[in-house]
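K.L.:
This is what each chain is made of:
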Amino acid sequence: MFTKLRTTSGTRDFLPSEMVDQGYIEERFREVFRSWGYDEIRSPTIEFLDALTVGIGSELSDNMFKFQDFDGKIVALRSEMTAPVARIVASKMVSTPEPIRLSYITNVFRHSRSYVDRLREFWQAGVELIGLGTPDADAEVLALLFTSLEEVGLKDVRVDVSHAGLLKELLRAVSLDREKEHDLRALMGYRDWKQLEEFMRQNELPAELGEVFQGLGRARKLSEVSATFPLLSKFPDAQSFMKNLLAIHEILEDYGYADRLFFDFSLTRRIEYYTGIIFEASVPQVGSPIGGGGRYDDLIRKFGNIGVPATGFAIEVEKCLQALSAQGSSTPMSTGVRILVSSQSRNGGLKALDAIRKVGAIGLLDLRGENKAKTMDYARLAGIDFIVFVSDSALREPVTILNVQSNRIETVELRDFLKSIGGTA
Amino acid sequence: MGGKIRIAIPSKGRLREPSIQALGKAGMKVIGEARTYVSDTSNPKFSVVFTRAFDVPLYVQYGAAQLGITGHDVVLEREADVYELLDLGFGKCELVVAVPENSAIHRIEDIPPGAKVATEYPNLSRKYLEKHGRQVEILTVRGSAELAPKLGLTDIIVDISTTGETLRKNNLRKIASFLESSCRLVSNKIAHRTLETEITALSERLRQGGSGIQ
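Residue numbers (the numbering used here), protein chains in the order written: chain A, 9 to 433; chain B, 34 to 247.
So here's chain B without its partners, still in its complex pose:
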């Protein structure tokens, strides 16, 4: 294969810097990362493309990037047909169901039929709530689901939470959590065959580099 092996990593947000750092610990410096979409790395075989964390599985599944770094939650939400090669350890979070502090809802079972839920994770939310027999109306939002109850859009949100700080700041109370996630190295399935040597070597270096942090 002619071109470089592309690694798609989140262009912003809480996963961007740790992703660059993880590659750095694995001996791969990202060169000139500021405000570009594609960056070379200190390893001539690899380049890095910056995309939205939610789009990483898409780029990788369709082979526009051979590898990617993104959350396990995102891979599941997108139902992406990719390999999750390695748990990188950082970016730990959980998906939580939350309501305003003064809400009468205290458990999943209290959610009334037809309640509105705002989330960036419509697939995972629907699956979880349906499993608990809750029929709800899901409103898909992009970012800042915690705004929805404040503005009266919905009474319930499903969002990721790392420390619970954002929830507290927005006077929200967690009533359930249902998916523990962390950042993963994902791979296109065909690339994993055709570039096995390179990908396995990088995965191994990432594993060794990461063992120090956790």
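Same shape as in the complex, but just chain A:
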């Protein structure tokens, strides 16, 4: 009923005032990504389901919007951008020299079966660094994540890291089904050692593993993680994963972010393609991560026959806005000065508007053509800062300018006025 006036569940309109904030954040991300050399790309909103679901796992693919194309093929709305980027790199950027640095700011779509009406269309800003498998590549991506979040004005950002292969490697020797593995991860997150012991006993896991899980579960800071290193001596692969994480941590010291990098070995991502470091960014004021990512060295191979290591992150734009407001800071109002030109001659008015817009202010032509009093009423309601009255086609100086807020009228040269309000030309 009344569907004419509503948007569908989980979607929303962005009114002008919201677009100021949303646009500001997107622009900041775009600038930071560009200044780090991450070129922006776009991909179609709709793609073949097969292409979008490569490597992402069932949790995300179950929640995709799918429908049938006119020729009967199944298509879907993108639910994240890493798979499309992998497809593009494997098919269209094969001869581009590596590393390839790409970025995107785009909307993604996910159905949510949660008990609250979550947004089903939301915006992600992210980067992918393709072609290198080194700790330096992961560290650059993590540093860019910190920098991007700081650039939009967020405080107290922290990133928690783990390794996608670590727990898998430790559990390889024992046979646990996926549900049990999930339980074990959760128990490590809870840091409830009694329950963990109980779990180990029930599932007949070797005691030496218990020691490892407890050590890893407790470890948050670098020193604590380093202390668990000897425990891993019986698990050489797990030990090399750990070495990798420590190497990345060390590089982040040079970037100046190491003190805000923590370890959380219970961390899981909902996407399955990760093979190396995985991470989540958060701020204390918001109850869910505002961004995350990791290394995915096998994904691009699944699109082409070339194995290309890659790493990247995605930030949720709306969560950043939520975090900014929870931290009590707002995005700067960058709307600019709004100047209405009321002219008896169209030619004179257009000349004035040209001058206004050239200095970076916002110039609006008064299309209502009402008397002065009504024009002033309108200006007040419409958030206009100044009205410039132009009387003839030659734009004869000086002109009459009304300051809408103070109601003061002055007669000045337009150029001098624009300079006085901070015009850039």
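Don't read these hints as lab results, they were simulated from the structure.
Be a bit skeptical, because a hint or two may be false.
[Unchecked claim] Okay, derived cross-link-like pairs now, DSS-like style, lysine-lysine, Cα gap no bigger than 27 Å in a straight line:
1. B:LYS45 <-> B:LYS202
2. B:LYS202 <-> B:LYS149
3. B:LYS78 <-> A:LYS188
4. B:LYS45 <-> B:LYS58
5. A:LYS176 <-> A:LYS242
6. B:LYS125 <-> A:LYS188
7. A:LYS202 <-> B:LYS58
8. A:LYS202 <-> B:LYS125
9. B:LYS160 <-> A:LYS74
10. B:LYS58 <-> B:LYS164
11. A:LYS229 <-> B:LYS78
12. A:LYS163 <-> B:LYS37
13. A:LYS359 <-> A:LYS327
14. A:LYS327 <-> B:LYS37
[Said to hold, decoys possible] Just the calculated beta-carbon pair ranges, DEER-fashion:
15. A:ARG180 <-> B:LYS202: 46 to 56 Å
16. A:ASP77 <-> B:LYS202: 58 to 68 Å
17. B:ASN156 <-> A:LEU23: 27 to 37 Å
18. B:THR199 <-> A:ARG126: 29 to 39 Å
19. B:GLN168 <-> A:SER234: 50 to 60 Å
20. A:SER428 <-> B:THR230: 22 to 32 Å
21. A:PHE78 <-> B:THR230: 50 to 60 Å
22. A:SER99 <-> B:THR173: 40 to 50 Å
23. B:THR195 <-> A:GLU48: 24 to 34 Å
24. B:THR69 <-> A:GLU67: 33 to 43 Å
25. B:GLN168 <-> A:GLU206: 28 to 38 Å
26. B:GLU213 <-> A:SER99: 49 to 59 Å
27. B:THR173 <-> A:TYR263: 44 to 54 Å
[Unchecked claim] A short, non-exhaustive set of chain A residues, derived as facing chain B with CB atoms under 7 Å:
28. GLY197
29. TYR198
30. SER290
31. PRO292
32. GLY295
It should be emphasised that the depicted structure is a prediction, and the values quoted were computed from it without experimental measurement.
The beta carbon of each residue, even a glycine, is placed where N, CA and C say it ideally should be.
Using the hints provided, position chain B relative to the given structure of chain A.
P.N.:
Chain B in isolation, oriented as in the chain A frame:
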């Protein structure tokens, strides 16, 4: 983080008083709890918010409260993405399937296809009954599911039961039980990272305080 750490606890019902008591045993007195939504505690770092037990997981998952006290059954029913840090021991109950005493249904297998079931736990009920191959129509009610058979709304209910007293009083007979629950300390996942020291300390005090009761 600037503000106090908020603990969401049930505003009424069988879990309210034991929750306040448990915090008290852990050395945290709730100040001025009567008829307010937010109360300070004797610990300046923590405050308490009173919400419906069913809403506690929601407040905690979304970080409006960093911690919460509520039933394990409620966390599962809400499919809340929170950590259950500690079994507080009190509020023990089970989810039961019950029918009027004179009903011909004696086992789950007797439930006919299309039977109506009244419950406050639609998710858990559907999962359990589907697992046993029962296709039923679930009617979600708020509180007092035991009224439904009395008034002829449904022949079957799924509800929590502690002693069986409410069932007996309403001439209902349990035919199956499927989830043992008790009260839990739950935590927002991000808060558990950023406020780890405070949360771990409280959890430890609650554990020690609770070891006396059980």
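K.L.:
All hints are to be evaluated individually against the structure, with a verdict given for each.
P.N.:
Hint by hint, here is what the structure shows:
For the suggested pair LYS45 (chain B) and LYS202 (chain B), the alpha carbons sit about 22 Å apart, so the restraint of at most 27 Å is met. Between the alpha carbons of LYS202 (chain B) and LYS149 (chain B) the distance comes to roughly 22 Å, so the proposed pair stays at or under 27 Å and holds. Annotation: proposed proximity of LYS78 (chain B) to LYS188 (chain A) is violated, straight-line Cα distance about 36 Å (limit 27 Å). With a C-alpha separation of about 20 Å, the suggested pair LYS45 (chain B) and LYS58 (chain B) falls inside the 27 Å cut-off, and the hint holds.
The straight-line distance between the Cα atoms of LYS176 (chain A) and LYS242 (chain A) is roughly 15 Å, inside the 27 Å bound, and the hint therefore holds. About 25 Å separates the Cα atoms of LYS125 (chain B) and LYS188 (chain A), which keeps this hinted pair within 27 Å; it holds. Distance hint between LYS202 (chain A) and LYS58 (chain B) is fulfilled; the C-alpha atoms sit about 21 Å from each other, no more than 27 Å. The suggested pairing of LYS202 (chain A) with LYS125 (chain B) holds, with an alpha-carbon distance near 20 Å, which does not exceed 27 Å.
Note on LYS160 (chain B) and LYS74 (chain A): the hinted pairing holds, with a Cα-Cα distance of about 25 Å set against a maximum of 27 Å. For the proposed pair LYS58 (chain B) and LYS164 (chain B), the alpha carbon gap of about 41 Å is over 27 Å, so the pair is violated. Note on LYS229 (chain A) and LYS78 (chain B): the hinted pairing holds, with a Cα-Cα distance of about 24 Å set against a maximum of 27 Å. This hinted pair checks out: LYS163 (chain A) and LYS37 (chain B) have alpha carbons roughly 18 Å apart, not beyond 27 Å.
About 43 Å separates the Cα atoms of LYS359 (chain A) and LYS327 (chain A), which puts this hinted pair outside 27 Å; it is violated. Simply put, LYS327 (chain A) and LYS37 (chain B) have alpha-carbon atoms about 22 Å apart, close enough for the 27 Å limit, and the pair holds. Checked against the hint of 46 to 56 Å, the pair ARG180 (chain A) and LYS202 (chain B) passes, with Cβ atoms roughly 55 Å apart. At about 60 Å, the CB distance of ASP77 (chain A) to LYS202 (chain B) agrees with the hint of 58 to 68 Å.
For ASN156 (chain B) and LEU23 (chain A), the Cβ-Cβ distance of about 36 Å falls inside the hinted range of 27 to 37 Å, so the restraint holds. Between THR199 (chain B) and ARG126 (chain A) the beta carbon distance is about 36 Å. The supplied range of 29 to 39 Å therefore holds. A C-beta distance of roughly 56 Å is found between GLN168 (chain B) and SER234 (chain A), which places it inside the suggested range of 50 to 60 Å. Between SER428 (chain A) and THR230 (chain B) the C-beta distance comes to about 55 Å, which lies outside the given range of 22 to 32 Å.
At roughly 59 Å, the beta carbons of PHE78 (chain A) and THR230 (chain B) sit within the given window of 50 to 60 Å. At roughly 49 Å, the beta carbons of SER99 (chain A) and THR173 (chain B) sit within the given window of 40 to 50 Å. A beta carbon spacing of about 60 Å between THR195 (chain B) and GLU48 (chain A) contradicts the range 24 to 34 Å that was offered as a hint. Between THR69 (chain B) and GLU67 (chain A) the CB atoms are about 40 Å apart, so this pair conforms to the stated range of 33 to 43 Å.
In this structure, GLN168 (chain B) and GLU206 (chain A) meet the distance hint of 28 to 38 Å, their C-beta atoms being roughly 36 Å apart. The hinted window of 49 to 59 Å between GLU213 (chain B) and SER99 (chain A) holds, with their beta carbons roughly 54 Å apart. Checking the proposed 44 to 54 Å range against THR173 (chain B) and TYR263 (chain A) shows it holds: the Cβ atoms sit about 52 Å from each other. Satisfaction of the interface hint for GLY197 (chain A) is found here, the shortest Cβ-Cβ separation to chain B being roughly 6 Å, below the 7 Å cut-off.
For the restraint placing TYR198 (chain A) at the interface with chain B, the shortest Cβ-Cβ distance is roughly 5 Å, inside the 7 Å limit, so the hint holds. With its C-beta approaching chain B no nearer than about 5 Å, SER290 (chain A) sits inside the 7 Å limit, and its interface hint holds. Given hint, PRO292 (chain A) at the interface with chain B, holds; its Cβ is 4 Å from that chain's nearest Cβ, closer than 7 Å. A distance limit of 7 Å between C-beta atoms decides the matter here; for GLY295 (chain A) the minimum to chain B is near 2 Å, and the interface restraint holds.
Figure legend: structure checked against the earlier numbered hints; hints not met, in rising order: 3, 10, 13, 20 and 23.
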